[in-house]
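*Asks:* Residue numbers (the numbering used here), protein chains in the order written: chain R, 1 to 432; chain V, 1 to 432; chain D, 1 to 432; chain C, 1 to 432.
In case anyone wonders, no lab produced these hints; they're calculated from the structure.
It should be emphasised that the depicted structure is a prediction, and the values quoted were computed from it without experimental measurement.
Don't take each hint at face value.
Computed, partial: chain V to chain R, Cβ under 10 Å [what the hints assert, rightly or not]:
hint: 1; residue: Val133
hint: 2; residue: Ser180
hint: 3; residue: Arg184
hint: 4; residue: Asp185
hint: 5; residue: Ser192
hint: 6; residue: Asp200
hint: 7; residue: Arg277
hint: 8; residue: Gly322
hint: 9; residue: Pro364
hint: 10; residue: Phe365
hint: 11; residue: Gln383
hint: 12; residue: Met407
Calculated cross-link-like contacts (lysine-lysine; reagent style BS3-like; alpha-carbon spacing at most 30 Å) [said to hold, decoys possible]:
hint: 13; chain 1: R; residue 1: Lys11; chain 2: V; residue 2: Lys254
hint: 14; chain 1: C; residue 1: Lys350; chain 2: V; residue 2: Lys330
hint: 15; chain 1: D; residue 1: Lys406; chain 2: R; residue 2: Lys330
hint: 16; chain 1: R; residue 1: Lys254; chain 2: V; residue 2: Lys350
hint: 17; chain 1: D; residue 1: Lys258; chain 2: D; residue 2: Lys234
hint: 18; chain 1: R; residue 1: Lys237; chain 2: V; residue 2: Lys207
hint: 19; chain 1: V; residue 1: Lys362; chain 2: D; residue 2: Lys330
hint: 20; chain 1: C; residue 1: Lys330; chain 2: V; residue 2: Lys330
hint: 21; chain 1: C; residue 1: Lys330; chain 2: R; residue 2: Lys406
hint: 22; chain 1: D; residue 1: Lys330; chain 2: R; residue 2: Lys234
Glycine is no exception: its CB is placed at the ideal position from the N, C-alpha and C atoms.
There are 4 protein chains.
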Amino acid sequence: MIKKNGKKDIKKVVLAYSGGLDTSVIVSWLIENYGCEVICYTADVGQDEELSGLPEKAKASGASKIYIEDLKEEFASEYLYKLVASGAIYERNYLLGTSIARPIIAERMVKIAQIEGADAIAHGCTGKGNDQVRFELTVMALDPSLKVIAPWREWDITSREDALEYAAAHDIPVSSSLKSIYSRDRNLWHISHEGGILEDTWTEPAKDMFQLTVSPEDAPDEPEIIEIEFEQGKAKKLNGVAHSPVEMIRVLNKLGGKHGVGRVDMVENRLVGMKSRGVYETPGGTILVAAHKDLESICLDRDTLHYKHLLAERYAELVYNGKWFTPLRKSMDAFITESQQYVTGAVQLKLYKGSVVTIGRKSPFSLYNEEYATFGEDDVYDQSDAEGFINLFGLPLKVAAIRDMKMGLPIDLTTTIEERVELSKVPMKKEL
Amino acid sequence: MIKKNGKKDIKKVVLAYSGGLDTSVIVSWLIENYGCEVICYTADVGQDEELSGLPEKAKASGASKIYIEDLKEEFASEYLYKLVASGAIYERNYLLGTSIARPIIAERMVKIAQIEGADAIAHGCTGKGNDQVRFELTVMALDPSLKVIAPWREWDITSREDALEYAAAHDIPVSSSLKSIYSRDRNLWHISHEGGILEDTWTEPAKDMFQLTVSPEDAPDEPEIIEIEFEQGKAKKLNGVAHSPVEMIRVLNKLGGKHGVGRVDMVENRLVGMKSRGVYETPGGTILVAAHKDLESICLDRDTLHYKHLLAERYAELVYNGKWFTPLRKSMDAFITESQQYVTGAVQLKLYKGSVVTIGRKSPFSLYNEEYATFGEDDVYDQSDAEGFINLFGLPLKVAAIRDMKMGLPIDLTTTIEERVELSKVPMKKEL
Amino acid sequence: MIKKNGKKDIKKVVLAYSGGLDTSVIVSWLIENYGCEVICYTADVGQDEELSGLPEKAKASGASKIYIEDLKEEFASEYLYKLVASGAIYERNYLLGTSIARPIIAERMVKIAQIEGADAIAHGCTGKGNDQVRFELTVMALDPSLKVIAPWREWDITSREDALEYAAAHDIPVSSSLKSIYSRDRNLWHISHEGGILEDTWTEPAKDMFQLTVSPEDAPDEPEIIEIEFEQGKAKKLNGVAHSPVEMIRVLNKLGGKHGVGRVDMVENRLVGMKSRGVYETPGGTILVAAHKDLESICLDRDTLHYKHLLAERYAELVYNGKWFTPLRKSMDAFITESQQYVTGAVQLKLYKGSVVTIGRKSPFSLYNEEYATFGEDDVYDQSDAEGFINLFGLPLKVAAIRDMKMGLPIDLTTTIEERVELSKVPMKKEL
Amino acid sequence: MIKKNGKKDIKKVVLAYSGGLDTSVIVSWLIENYGCEVICYTADVGQDEELSGLPEKAKASGASKIYIEDLKEEFASEYLYKLVASGAIYERNYLLGTSIARPIIAERMVKIAQIEGADAIAHGCTGKGNDQVRFELTVMALDPSLKVIAPWREWDITSREDALEYAAAHDIPVSSSLKSIYSRDRNLWHISHEGGILEDTWTEPAKDMFQLTVSPEDAPDEPEIIEIEFEQGKAKKLNGVAHSPVEMIRVLNKLGGKHGVGRVDMVENRLVGMKSRGVYETPGGTILVAAHKDLESICLDRDTLHYKHLLAERYAELVYNGKWFTPLRKSMDAFITESQQYVTGAVQLKLYKGSVVTIGRKSPFSLYNEEYATFGEDDVYDQSDAEGFINLFGLPLKVAAIRDMKMGLPIDLTTTIEERVELSKVPMKKEL
């Protein structure tokens, strides 16, 4: 029933379509090679591209129909805000901007395939990247009866020149814009840059590559202070003004971009086994994540915070690896939602020349209490408790040391004992 | 044998001595209250304070002897460089500057107590902080036959005024400098600031509080690019010039400080159970940690890197909690040492207005290979492998989905199905 | 407000009361030393002791009132069944029978203290055990305005003889039963044994110490096969008959006890820092945990299962350490509840001579599919996918090896290369 | 250079050879299809099969040469003893008997391929199992210039009948023994059983399937007590007699087998994505693992023990997934080796009717001290320390509760407040 089928079995395909050269060629190629109807699907996840001419373009390429959907609100509220709450950052740097956008798009394509009675999903991802996995895992998780067609793993086209040639030969309209040397992905959350001069890990990214952020050197000479208010882990207000998730991210993108905030330049481990260099601009996201983290520092107790840090490492792997529609991600989100109950409050941040710095945080649920932390007496913390605490907290060390002493085992007074003995004789004693 | 003793049993005490008001008073107080001989111990861990007058001061306070030791080289090579290799950062922010300095000092005090035949260690840490734990755990781990005296948990002095009064009454020489409103700890690695206006978590630190770093706003308008070379995880050269660990950190402190790099403002969870606000300046350390992390990104494989991130969380807890001389820390260091075998190479970083950004990294052992990651064909990665990989990587999702389909279970197409059905009808443009 | 008070501030105390020698003495001692009213509280958590005479006993000891509550249903459904679902086992052995009973009792005492307007809680736990922590953490978490009185940490009574003497001197009625040499705790879930000959870790527990289970040697010579049905992780039926959680555990206790199932003999790490020997009998719990684990093996996907194992380690620490009423435990339970959605099905187990062995498991939600796992062809798994999978799964190893080969680095062909070369020459038979 | 080659490039192949039907057919098939020379390799890892006739058999099947190597000592000391020290158990049940044997065999095949100048490795693993991955990852890690040939993923033979037909047609000598209905793998450590009636997860394994262990019902009616001595985590003596690792495992296999110890029946998650039922007999291994775990309970401190449990989960995944020759496994082994420094001592165990129970453990390095754990006073543990410990250990809970009280937040007195209020009124007996 759920078998891999030959080409002849494919009658109707839903294609993730951008209107660019590659997906335009794919429309035609699918029709030519699979003899199938092609339905284009374009999601607006905030990539800020002109979508108005797409129906005509798709038609000209041979598609029978096109769906264009605005997914921005759902993307922001059901994906990005969950990501912020999770604290997940892939390999300590990457805010997962591309990874997180794939499941929502693929999930909609499955839905449309079901509505349309299509029997396959097609995408324009290459065979070396992570996105193919993210698309296909979502399809497998939501409707494994659908086949997946990944032309880049199948056809003979291996360069832009090949694709242009194919387009010319098949009367596919191609916009005249020159292909960037970079491979990019943009949405509401970020833009990524790969390829070109970035492939040499020793080379600094070129200044003109960046699109959402100015260079820190070109950012304003005056810092800008902003205040973000959260309710249960979700950003609700900026500088006192309420914003929907989409608006919040957009406004923060502008602010962050203006101050050069949110650039990341890293070498990361792709799921498919090799390392790749990626440069990311996530201006608003970087601010949100910084603010949320800081708010958690006063609203979460230590045990929860430390455990959540561990969980975030795995959550980041799940998102990066395309495992959004999985029981583990959902179970983790149940954990996270529960943990965010009291993550309500405000954070002040300073944006300046590429950096975002938290300068204040407050919450009605704050677990920080000036009184307990300071030197003097208070009603809650009795300093004499410390002795008992230390004695029991360190008891296992003491028990081991007593054993060592009784057995005449060398107790580790670091490095070479001989050196230390010498040290203890010579340079030390300044006597009186 | 290893019993807590009454005051009468204490004959000789080794005191962690700084020459400041507090520890000067403690010398006298110990003699008065315990009737014991007091030996002062002062470690030079790079705090950059004048140590030349200490013998006279200690004598004037009543001490019988003073040991002054330069621990900087050992501190840098055996503690700080291990910390860098571990990647440990407490609560995602704190580079553990104070925490890491306590075990080395306490370990030396134990050694000197053994040489001198002392029966107790004394320290000037308060009863609300972490340092008392770090000092005392080290003593418990290395020589549990030694008692610990913590005057701040014992005496009636609860303010600077009390201490001054005591000093006056006991002819203890006190330097005239005004006590800072901040509680500070400085060493080769960092300076910390607590107290004063920082106790309001909503208040930004005052500009004049900082000591090792200029404000980013006051930093040079021109970025500075530096290059650090590592061998097996250890920084060896800066801009082509070899430096000992101490020199490396010192030079980086100057560079970082000049560019406003390495400030952290956070609310952290103290081991003793409350939250506290801390502001840290770790200019050189911040650069080193950033460089090392980036080098690992090309030298470590994914499995090792991801696991090491988890291990670093626990390692940070151990260091923060004073558990340096423990089997777990040593076992973790064995792991880390093994993992650093190939962490050799160079990193270029840009320092500018408070931020440190990596702009290049290279290694003879780099696992990054331009050829594998890019679009085109190569000898190692066969794109057709991706299909098989995805099919098996996602098989568990598929198996679950097939089960769900067979059982008629709702497959999760996110949020409310009703809304989605509506959505799929209305806002989508079905054109052509 | 929430200050530690002196004795004079205590007017009314709620005491965890068992009717035994120790708590009877405590009633009197509290009145004598604190001049307060004492309200006794006894929870029935399935300890199977006679509770009928308690009101009289309590009165005779001086208590003003007694509350006796049956908490068994809540204990079973809200604590024990959650524990089973979590898979938590402390130090791989201990099913947490004592630990899990403390929060529910302490929580009720807080409630009663609030109803009664009491200002303190008292318990009879010693100063060396875990239970004092579990009781007191619950009080701290639920009503920190309540003081805690722990007579064993305060008074001079240090032996049974002391206590008997005190009882005689104060006309406290004492039952004539001889004190066991063991320290025990029993409830619906288990009985624990400590002390006596167990204190020598080299000595086998005496046969007559056990109370809930026969010795495996004395168990029936015929195995008994049982079947447990779960719904969403909760045991609902035994051998086809529905049981409430309390009844389920009781019946399984009898079955397990009859076959010598559920004994554990271990040295564990107490929270307060030392190791102690404990022997536990948890007959029904052992069966339930075994059955639940096995059912999860077919109902949970790999990612969820493996992560849940890690989470269970921390969950066990939380329960053992008395941290039930914490945000982390609640967040973890949110995770667990979500994960149990499809843990529905039946497990067959064989009880025989001390062991419980699963012999069958089935579920309508089973992710096991005979077809996929077996040798032959099927519709879901295409064996040719394996090559691609392996190539990418192992790609990081390959990349590293290629680097090593290019650099002439020794590739690790285990241990000593020299030995291996020798080995490869000599003992191998090159024939034909 | 390291490219996948076509068949024509393969000149010489090293084949993992058992002499059975499948690998005999493979010899011939390789020659026929690849036109290459085939060198057979047979490792003795304790599978207890007759190896004497293999050279003749291999020759008759067309092989040019055969290597037969005894790897038992290395397998036991460098693999199995490390596994025991790690505490790794896959999915809480499987002692990794098959997984752990693959890397050592594949590593030798790589070595021989290098000696012989072969250009490929071939194995007889199917395309649905884990073993193909373990073999091929080892090759990728040690010599990625070698190709891998996996006939079962390539040829048309899909059943025993096909294979017999092929053998007959090619004059391959086949032993007359009937093929078992089970798929099995045996070595020094264990035997595994898959397939046949086991494919129904609800069916109990047949009694006559087992080969290393008697049924518990058929085991002796008298328990047998044994004593194992370890040095630094390695078993050295049994009942006072020194044994090499191989001998130790063999003798324990007999003892365990005699008493029906070491059977596991489980559904596990294969690396390649599906679940499978496996039944294992690991008599000696089960005893060793139980003994080692118990010894660690007295020799490791809590922090190390708990962390090692987490590490063991990942270690088990690595071994199961064939990632032996990886930096992460080596780094973990560095951790483990360090942790085993004091795991020296003796354990007594009772074998009886299918179960192994520890009844005593002792060590010169034991951290258990009767004195500290018991009720009375001692020199090390001061019961009055407990109050301070609890106060600080629970401080975060208290701080949160004070916040909640100040804000009028509902403090969680479990489940439904309404029910509890009712409960507190009704079923409680307020007497006296």
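*Asks:* All hints are to be evaluated individually against the structure, with a verdict given for each.
*Replies:* Hint check results:
The closest approach between the C-beta of Val133(V) and any C-beta of chain R is roughly 5 Å, which is under the 10 Å cut-off, so the hint is satisfied. Annotation: Ser180(V) was flagged as interfacial toward chain R, and the flag is violated, the nearest CB pair being 13 Å apart, outside 10 Å. Interface hint status for Arg184(V): violated, as the beta-carbon distance to the closest one in chain R is roughly 13 Å, over 10 Å. Of the supplied interface hints, the one on Asp185(V) is violated, with its beta-carbon coming no nearer than about 14 Å to a beta-carbon of chain R, more than 10 Å.
A cut of 10 Å between beta carbons decides the hint on Ser192(V): the least distance to chain R is about 13 Å, and the hint is violated. Proximity of Asp200(V) to chain R holds as hinted, the smallest CB-CB distance being about 7 Å (cut-off 10 Å). Interface hint at Arg277(V): satisfied, since its Cβ lies 7 Å from the closest Cβ of chain R, which is below the 10 Å cut-off. Against a cut-off of 10 Å between C-beta atoms, the interface hint on Gly322(V) holds, since the closest Cβ of chain R lies about 8 Å away.
Checking Pro364(V) against chain R: minimum C-beta separation of about 12 Å lies over 10 Å; hint violated. For Phe365(V), the interface hint is violated, since its Cβ never comes within 10 Å of a Cβ in chain R; the closest pair sits about 12 Å apart. Because the beta carbon of Gln383(V) sits about 3 Å from the nearest beta carbon in chain R, less than 10 Å, this interface hint is met. Taken as an interface hint, Met407(V) does not check out: its beta carbon lies about 14 Å from the nearest beta carbon of chain R, beyond 10 Å.
Distance restraint check for Lys11(R) and Lys254(V): the Cα-Cα separation of roughly 68 Å exceeds the 30 Å cut-off, and the hinted pair is therefore not satisfied. At roughly 35 Å between alpha-carbon atoms, Lys350(C) and Lys330(V) are farther apart than 30 Å, so this suggested pair is violated. Between the alpha carbons of Lys406(D) and Lys330(R) the distance comes to roughly 44 Å, so the proposed pair goes past 30 Å and is violated. As the CA atoms of Lys254(R) and Lys350(V) are separated by approximately 24 Å, the hinted pair is consistent with the 30 Å bound.
About 24 Å separates the Cα atoms of Lys258(D) and Lys234(D), which keeps this hinted pair within 30 Å; it holds. At roughly 28 Å between alpha-carbon atoms, Lys237(R) and Lys207(V) fall within 30 Å of each other, so this suggested pair holds. For the hint linking Lys362(V) to Lys330(D), the alpha-carbon distance of about 46 Å lies beyond 30 Å, and the restraint is violated. For the suggested pair Lys330(C) and Lys330(V), the alpha carbons sit about 16 Å apart, so the restraint of at most 30 Å is met.
For the suggested pair Lys330(C) and Lys406(R), the alpha carbons sit about 34 Å apart, so the restraint of at most 30 Å is broken. For the suggested pair Lys330(D) and Lys234(R), the alpha carbons sit about 20 Å apart, so the restraint of at most 30 Å is met.
Of the numbered hints listed earlier, those contradicted by the structure are 2, 3, 4, 5, 9, 10, 12, 13, 14, 15, 19 and 21.
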